[in-house]
Structures are given as structure tokens and as C-alpha cells.
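Student: Here's the letter readout for the chains.
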Amino acid sequence: MKLKTLALAGLMASTSTMALADDVSIGMITTLSGGGAGLGIDVRDGFMLAIAQSGRDDIEMIIEDDERAPDRAVQLADRMIQSDDVDIMTGIIWSNLAMAVIPSATAQGVFYLSPNAGPSPLAGAGCHENYFNVAWQNDNLHEAAGAYANTAGYGNSFILAPNYPAGRDALTGYQRMFEGDVAEEVYTQLGQTDYAAEISQIRNSGADSVYFFLPGGMGIAFVRQYAESGVDIPLIGPAFSFDQGILGAVGQAALGVHNTSQWSHDLDNPTNVAFVESFQAEYGRLPSLYASQGFDTANLIISAMEVAHPDDADAFRAALEAANFDSTRGDFEFGPNHHPIQDIYVREVVMVGDVLTNVIVGTALEDHGDVYAEQCQM
Amino acid sequence: MSAALLVEQLLNGLQFGVMLFLMAAGLTLIFGVMGLINLAHGSLYMIGAFAAAAAAGWTGSFFLALVAALMAAAIVGALVEMLVIRRLYDRDHLDQVLATFALILIFSEGTRFLFGSLPLYIDTPDLLSGPTMLPGGIEYSKYRLFIIAVGLAVGAGLFWLIARTRIGIQIRAGEADREMIAALGVDIRKLYTMVFALGAALAGLAGAMIGPIQSVEVGMGEPVLILAFVVIVIGGIGSIKGAFIGALLVGLTDTLGRIMLPQLFGMFMDASSATTVGASLASMSIYILMAGILLFKPSGLFGGQS
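Sequences listed follow chains A and B, in order.
The first sequence begins at 1 in my numbering and counts up by one.
The second sequence begins at 1 in my numbering and counts up by one.
The hints are simulated quantities; they were obtained by calculation from the structure and are not laboratory data.
Treat the hints loosely; a few may be bogus.
Unchecked claim - Simulated coverage check for chain A against chain B, where a stretch passes if three residues somewhere in it have a Cβ under 8 Å from a Cβ of chain B: (1) 201-209; (2) 227-234.
Stated by the list, open to error - Interface residues of chain B toward chain A, partial, derived using beta-carbon atoms under 8 Å: (3) Gln9; (4) Glu139; (5) Thr193; (6) Pro223; (7) Ala279; (8) Ser299.
Ideal placement from N, C-alpha and C gives every residue a C-beta, glycine not left out.
Whole structure, please, built from the sequences with the hints as guidance.
Tutor: Spelled out as C-alpha cells, the structure:
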């Protein structure tokens, strides 16, 4: 036993000296198994595509699966920071995991670039100079949906979300922008799979629009049951329930639904056209918004590496802040709290050939930041 | 609340109730006859759903998919009984819980290995898709009506099987005294395998029928399993009649609670805290129901004295 430990220690010592001093080591903790694995896989694939395309060989990647469990994510983060000595961390999908990992990672001097989760504390009072969010602040897509509902002429929305912090934030975000009335505000159980009772309420509510935030399997179940019920009040959702990864499962029921997103595969800029084409060539499927977020995150890191090594923290941070990279979203810049200021689009689900996908039909919000930025003091 | 909404919600509760009955019937039979706590019952539900999704993908026919789900769950159930469960009858409940929990993990990972992590979906058959108009101008999903009809038919079939057939007599006798019926020359091992496969087939049928309205994914069975346990505790362990009444009670309480409690709290609270408190209390409603019933009937509504 003792011999084994010694050998292990020796092995670890030798691997940690193997990496050259000026290599940049990136730790990615993301969800690769269990419910929600599709999101993490897309972030990883988008990220690795950008790394491969950059042709750089001075990036060392450590990729681990958090199984969507906060304690596991914390363990992995501790190991990456303390034993593997990573310079940069990224990858977390879920806000509760992000809250468990990011504050301690940035406090230990590691850069963290979030490719998805954007919980409000990290955008406001809990912001940190080493934390960057490359995707969105959590409220953004919901605010955009509220703004879209105004322009679409809706005056009375039925709103629905699971009873947990991100669900309540979602409905708050929608109501922050929506100027009409709220017919009913309904909270469901997290993980609920049958929405018959809520759909009957919607049918009898007299609303002219339905806004819902039901990530993952909950959204699939809701939309399929909604279509089946024959209720014809238009649905509005954030991109999460209508993204490429789950449109196949939602099926025809999603056709015609409007949803809000900061990215779409048909955004017409050269970076995005090249990204969609190369992602399809590499992985044989259309990229999702998560893949685009992973791709952008990697390109942002690479652009900052052109300027400075993360060991030179101030110069590297300044290079990240400059966001001098070609984003799949076109224009991209950071606000004062290191969260994006960006356009958010309205997409509609359509059938192209025999594949369900989204096309952009309008812009909901232009150069949109978040309301928490003013609470952030770096 | 309008009358139309109330009828619609009652139908929703009924549909949820008969679904739970299909799960709970097998669970209660297996517990009643063999004294076995089978945590892996939810996995059989999942197997039914995956078998249906696979068969629907190959054949394009929903009704063949239902048959495939029944067969797959029954076969897996029979195999599991012969290979694993048979060794557990004489052990105490803790061993049974441990072993069947291990089965959950094995089935979940095995299914993920075969089908991957992404959810599958089953299309509603054309015949049953969309809404239909009920008397009184109430629009309701045809597919949910189909689930209610199948659930009630299966319930009637089970009552007939238990009350009127030779196998039913053996099952009831097995519940009462297993040594005695073995002594009377009934092959108790075969009977056990059969009961287990029957319970498994019902769970598989439930999983397959729920496929078109929800997503088919690994781990879908466990939430339903918990509710099914609540049902059999309310109904009285071992009683099919109890499982039926219990399932309908749980289905209706859950559905109506979700709608009415937030409205009830809305009468004396501001809207946003009423919805939060109401929604939280609604998710507890069935457990409160269970506690209330156990207070007056400690062995459940139709439980024996044992």
C-alpha cells in the first residue's frame, strides 16, 4: 500500500513537471452524463472545436464530468486548482453548481469563464475581477421574451416556471420588461413531468399568450402535452426549451413557437457561418446555442493568450475585457461586471427539409446588459 | 372556477390516478403475495417506455409498441425474479431494499449504455392525437381519454383475474398462507414468477402509455415509484381494490391541490406569495393525505390486520 502511494506520488510529480512552464492549462468541469448531459457535451464540443481550429499546441485541457452534482463539482475544482494547477477554469452549465464553485475558484486567483450559467449574485454584489460570463446573465433571455411579447402585441400573459430560484428569476425577468397584464403566475414542481392541470388552467385563463421557463425534460413534456391538448394560445419561451439539442424530442409540437436567444445558427456573420459548417462537418449534427457558447469561450481565451499569459494576470484580464475575438454572435462586448452586452433575437421554430430548427425573425433587445451591473464593485 | 375547468381537472386527476394504479397494482401484488419490497419496479416502468420507444421507431406502430413494452417488461420481470428476487424471499426487508436498489442502478446504467443519455420520444398515434369534444362543450385530449379507458379496463381485468379465476384463487391463497398452498400441490415458484411478471408487465404498460406525453429517459421511473408506494400505503398493502381507490385519491388530490391551493391562499395573501406557498403546499398534499388516512386506518383503507 505504502509502495503504491509512493509510486502514485512520483507519477503525479512527474506529470506536473511535464507541462512546459509557458503552457496554459484549462480545467473544464461540465455535465457529461445523466440528465442534462446534452448541454455539457455541446459546450465541450464547441470549445474543443475552437481549440483545434486555433492550431495551438500550448493549451493543456483537463475535462471532467460533474454529473450535475454540486459536491462533485466542488471536489473536481479543488483538485484542478490545487493539484493540477490550472490557470483558467470553465464549463459549468447549472447555476447552483456555478455558485458552489466559482467564488472559491476566483478567490484563489484562477480565471473563470462561464460558458452558460449566469446567476445574478455573480453579476451583482458578488462579481469578481477574474470572473467572466461569455453566455448571458440568467435574466437576459426572459427579459427579451417580455420585450418580444410587447412588440407582438400581447397584453395578457399566463406565466409558468418551476418553483426554484432560477424559475422565480425567470418570471421576474419576464415581468421586468412585459408591459401587459399577467393572467396567472403559476409555479410547478421542479422535475414535474405532467402538466395536464396547468394546461387546463391555461385553457380557461383567457390569456392571449403563454410564457414558460421549463428547462430540460420538463419543457419537452410541457410542449408535447400542450400541442396534444388543442389549446391554441401562442407559446413564448427562452431558447432553452427549443434549442437544437431537444427540438428532436419535442417534435412537431414545437413548430411555430417563438423563443428568445442571443445566438442562432442562421445568424449571418462570417464567423458563425464558418462555425456552423465546421461543427456539422466535425460532429455530424447542427450546433446548439450551448455549442456556440463553448466555441466563443474558447476563442475569447485564445484571443487573450495572444496578448499575455494568464500568469501575467493583469495583462491577461485586460485582454479578456477587450474581448478582441470574432464571436459567433457578431458584436460582442463586456459590461462593467464582465457580463455580455449583446443583442438578443427572437427565433421561430420551423421545418427545414426534415429537420426542425430555428430561424431568426426579429431582434428583441439591442445591446442589452443586465440590471445587476450597478451593484458590482470590482 | 368554472364547471368546464372543474370537469377537465377531474379528468386530469382520473388519468393520473389510473396511471398510478397500473404501477401500484403490480407493487402491491408483489408485496402482498411474496412479502417483497421491490424498489426496481420503477425500472420496469422505464424498460416498458424504452421498449415502446424502440419498437415504435422500428415499426412505426404505436399499438405494436404497447405490445412490445408489455412483453419486454414481463420477460425482464420474469428473468429478474428467477435470477435475483427468488433468493430474497426469506431475507429481511433491508436486504430486499439493498438488492433491488442495486437493480435500479444496473438497469439505469444499462439503459443509458444501450440508448444514450438523450431523451427519446414516442409519437402519439394519429387516431388518438389532438383533442376531442366532450358533452357539455369540454375539449379534452383524446390520448388522455385513451389512458383512462385502458387503465379502467386493466383494473376490471385484474379484479376478474383475482376474484374469478383459478390463478386468482392461488394468488389470494398465497397471500394468506404460502406453506399451505405449497403443501396443496401448487407450484409456488411458478406462481411467484408469474405474479412478478404480471406486475412487471403492468408497470411496463404504464411506462409505454406515458411515453407519448412525456419524455422517455433514464430515471423516469423513480418519481412514479415513490407515488406508487404512497398509493399502496394508503390503499392497504396487498389489496388491489385498495390500490385502485388509493391511486384515484392520490391522482385527484395532487391535481386538484395544484390548482386550488394557490387560489385558496390568494384569498388572504398577496398574489406572488400565495402562488409560492400554494405550490409548495400542493407538492406536500398527497403526503398529508397519506398521514391523515394512516392516522385513522393505520394499515391503510383496505389493509388486513397483519
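Student: So which of the earlier hints does this model not fit?
Tutor: 5, 8
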